[in-house]
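S.K.: Chains as they are written, first to last, in the working numbering: chain D, 1 to 100; chain Z, 1 to 152.
There is no bait here: all hints are sound.
Residues of chain D clear of chain Z, computed beta-carbon distances all greater than 10 Å:
id: 1; residue: Ser89
id: 2; residue: Leu92
id: 3; residue: Gly93
id: 4; residue: Ala94
id: 5; residue: Ser96
id: 6; residue: Glu97
Simulated DEER-style distance windows between Cβ atoms:
id: 7; chain 1: Z; residue 1: Trp97; chain 2: D; residue 2: Arg86; range: 47 to 53 Å
id: 8; chain 1: Z; residue 1: Asp3; chain 2: D; residue 2: Leu61; range: 22 to 28 Å
id: 9; chain 1: D; residue 1: Ile23; chain 2: Z; residue 2: Val119; range: 37 to 43 Å
id: 10; chain 1: Z; residue 1: Leu86; chain 2: D; residue 2: Val42; range: 26 to 32 Å
id: 11; chain 1: D; residue 1: Val22; chain 2: Z; residue 2: Pro80; range: 22 to 28 Å
id: 12; chain 1: D; residue 1: Ile79; chain 2: Z; residue 2: Asp4; range: 40 to 46 Å
Rough simulated footprint, nothing fancy, chain Z against chain D, three-plus residues with beta-carbon under 8 Å:
id: 13; segment: 21-32
id: 14; segment: 57-65
id: 15; segment: 72-81
The set of hints was computed from the structure by calculation and includes no laboratory data. On a predicted model such as this, the values are computed, not experimentally measured, just so you know. We put the CB at the ideal spot given by N, CA and C, even for glycine.
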Amino acid sequence: MDRLQLLVWASVALFAMGLLGVIVRRNVLVMLMCMELMLNGVNLSLVVFAQLAGAAAATVLVFLVFVVAAAEIAIAIPIVLLLVRRKRSLDLGAYSELHG
Amino acid sequence: MIDDVLLGSFAVAALGGAALMLVLRHPMHVALALVATMLSLAGVYAMLGAHAIAIFQVLIMLLDMREASLANRYSWMLVPGVIACLLGAVVLARGLWQSLAPAGPAKALGVQPFAIAFVNDYWLHFELVSVLLVAAVVAALAVIEVGRRKHG
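Isolated chain D, as found in the complex (with noise of 0.2 Å):
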């Protein structure tokens, strides 16, 4: 197999474990972290079809979804530690009271 391709395989299962980590785990801060690794993955899958296009673009294009990446954690992270602040607890039931 292609090498290029094993990597698009490998941006998928970096999607898919940070999904699942998302859905199984309680804790907000390893959520917060699994959706970093979710969006790892997908700019693992963008450089590698970027590789494959020749397009200088995508590198443009990756470091502004660093950037966005980097202003949702500096949102979230006061965020989490406000509710943790409030509910002396990371677990996400302790915040059932948040929904709609």
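For chain D, the structure is supplied; the task is to place chain Z on it using the hints.
M.R.: Coordinates of chain Z only, in the frame set by chain D:
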């Protein structure tokens, strides 16, 4: 040949780190597994010739280290994490040195085509993203300030 072996090793290490993220229970261990995964992905990018993306990956990994530093205790996994950091830095430095060398054709995902495309075609996107980052930092500070006022 050695490139294929290194690429496969980095890919397997990334998948192994991702699997560890699902298995480990302590958030600090999960964060270290995420750091190892991101460093392995940086190695994959470097072996693919996308050195600029590899450098971004390491920078984002440093941001995640801040996320990991929320836990106060350090475990025995800190030493493998630091060793993985050093190995990734060595691989990145080697790839960067090769990309900056004058010999050899420029690749589409290298630093030079990225810089040219970035400055010529995507400067507006860069400005918009910088505004987004500033807004995110201000919003994070506002959230922290609200929490301080409510809880003293």
